[in-house]
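Asks: In the order they appear, the protein sequences are chains R and X.
Going by this note's numbering, 274 is the number at position 255 of the first sequence; the sequence numbering is gapless.
Going by this note's numbering, 362 is the number at position 342 of the second sequence; the sequence numbering is gapless.
No lab work stands behind these hints: they were computed from the structure.
Take every hint as true, because none was put in to throw you off.
Calculated lysine-lysine pairs in the PhoX-like style (CA-CA distance at most 25 Å, straight line):
no. : chain 1 : residue 1 : chain 2 : residue 2
1   : X       : 354       : R       : 194
2   : X       : 286       : X       : 300
3   : X       : 246       : X       : 257
4   : X       : 317       : R       : 194
5   : X       : 120       : X       : 257
6   : X       : 135       : X       : 257
7   : X       : 317       : X       : 354
8   : X       : 388       : R       : 263
9   : X       : 246       : X       : 169
10  : X       : 378       : X       : 120
11  : R       : 350       : X       : 388
12  : R       : 350       : X       : 378
13  : X       : 120       : X       : 135
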Amino acid sequence: MEPVERASESTPEDLPEPPLAAAMLIEVLDTHGRVQTRHRLTGAGATCKIGRSLNCDIALDDAYAAAEHTAISLLEDGRVAITDLGSSNGTRINSEQGSQRLSNASATLGGAQLIVGRTRLRIRTYHTALAPERLFRRDLLQRNSTLLAGIGLVAVTTLVIANEWLQAPERLAPKILTAILAVAIVIAVWTGLWALITRIAHGVWSLRLHVAIACNAAAGVVACIWLFAIAEFATQWSWLDLPKFIACSGAVLAALFLHLHNATNLRRRTAAIVIAVIPLLLIGATVWIQQQSESRNVNRIAVGTAIFPPQLSVMHGVELNEYLSDIEALKREANRKRQQSLAENPLVSTR
Amino acid sequence: MLQAVAVALLATSLMLGAQRAHATDPAQAPATTEPDPGLPQPSNAARDRLDRARDSVVQIRGFFGDSQADAFHGSGFAASTDGLIVTNYHVVSAAVLYPKQYRLEFLAPNGANGKLSVHAVDVEHDLAVVKAESYAPTPIRIRTQIPVKGERAYSIGFPLDLGLTITEGVANGLVENTLEQRIHYSGAMNGGMSGGPALDNAGAVYGVNVSVITARQLVSFVVPAKHIAALLATAQKQLDMNSARELVAAQLNSHQAALFASIPAKLATEPSSGYLLPAKIAPSVECNSDGSADAGKPLRVEAIGCGAHVGVFVEDGLETGDLRFQHRVLETDKLHPLQFTEQLNRVVEAIGWAGSSKHVAPFACTTKIVALHGFDARVSTCVRQYRMFASLFDIGVTVVSLNEPRRAIVSNLNLRGVAFESGMDFVRRYVGAMQWNP
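Only chain R is shown next, with the shape it has when bound in the complex (with noise of 0.2 Å):
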């Protein structure tokens, strides 16, 4: 490792004496921000050529470059001085302070990111500030990826059981198995999407952290509408329908949130958020869809929830008389809703 110096930024004149020979790295990037190959370039005076010609020192497969497209020379501070060899695309420079088109010869040091064409380097010089140590993720998802997938596995596996056995099928086996298989294959493919993601931006799949991921997720879930629906019953208190579609809809966006956090580098902060606004949005637009339609079906009925054994009912019956006292309410409710009907659709008129 070679010693390094911290930069920062200052002019010029207060730069610190480079502990060595000027030095600079040259970094040419693929899409995704990761290294292709470096480019190490000491003493004050040296230059490289970037352009598609051979006579250029970094030859770029890039159609977009010109022949000779920018050259970077090092400078005895220990700057780099970038000059536009005359392209015309131009040479962009990504800083802190944005992109900007190089007009003249500019001197930075380093840091900065360098579109030619539509290749992006990165300089590196010792006045480059370097960030800190990134320490390894101690998680608990990532300490304990292998013991959380087997128990989602076995929470998903022990819920398709008990599903199937619910179905009291004449087959219970073959229903069991048919049902692991196909609950095993949308898994798959949905842990081997993220673990694809995962590969592409950090280099590793992943696949156990997916799979505890999912598997938990899709058991929280289930065991939350189940758990749900006997409260409903039990209570009979309706009003369970937001705390249930709340929870239910927040484990599913728990680990949407883990999925996407894990597989990819956005932030903390910026994952939440597409993670808050995608799915809300879809799920808010469903669900507004699904009540519109749900009012304006003419044949739909509320029942009432779920039906379970009477043993878990803490409720006692009302007496027929109470039941039926607020029944004005009820047709109420019903020529409210024939007001709307006619509202949005009026009778054809006789006159």
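Got chain R sorted already, so can you dock chain X onto it with the hints?
Replies: Leaving out everything else, chain X in the frame of chain R:
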């Protein structure tokens, strides 16, 4: 409309049938055209009835807007000397409910044609009286006596737009055990004959052609002629079409009131798997039952269905004024209670309604656990109002028992086109009649 479409389809199939007949191999055709002495001779009586009725019947045709192609058609016959023509309400219903959209015309067998105006309707008995402008067909004598079973009878009309036609059959008296007064006619009847005269052997009108059960053998129905006289008495003036809908609504209300009046206050029940459930609650209500015959099945289901079958035609796609209920009794000794309730939920979810957003508004529902006689049950009551008739509602009640882990009833009551108060009164009696009495 639908009727016209059905007629078109039937006509198509008949034409195809004719082409097949022509395609028969000539070598296999009979060598002579002499009549086969083994075949029944044509009925001279039918020919005579048709000749005598020819000047009395007209085809009634409905047109949408200014179109010259008919939207629907039926038959009618003169019943008085002042040109009043009797037909079915369902033939002219579109023109009654949507007078700005549809117009009525007649076409007589002698080629005379002209406009028709509606003078009276009897929705409950599916009758209407119309009058032709400047045309007075010869009236046919009306007989109010119901024909006895086996009496020779004839029906005349314009089936499938094929021209004036007579069919010969047998009258089989009034249909038994129903509030809806219909004479059973064992003879052919097809779309387009509706409203035509049903004649006895003397050529008198004993009723009006009204309906047929399709996919069965010659099971047709006729409205008794005794309802014609009462309607003619109210038909001296043209109906005010602006108030026709109110008149139809009043008649539908009268129909549902008669239905509820025919049911005793205390509903009759029958035992089923420990429950007492409403069954044959009135002579006009017919019940049948069925069940899973395979004793090896883990779930035993018994279904008991009852209905008054008194639906009244209002317009295309809307038949109302009926009462039906069904009980399904589910029982198991092999399934776990969780597995049993899963099956129970499927039965409950399968309950559905039919109806068009053109006719009814969406349902409003209320659901609670209710303590019935000896058991708790989840009772859901759903109500929807008719768009055109604000005084009429469809009411659905679903009762699911919650007292046994491996036994349950799912009872479903459907009331169509009833007044809210009388419908709810019946709901109270229906649900209140259920008992757990093992």
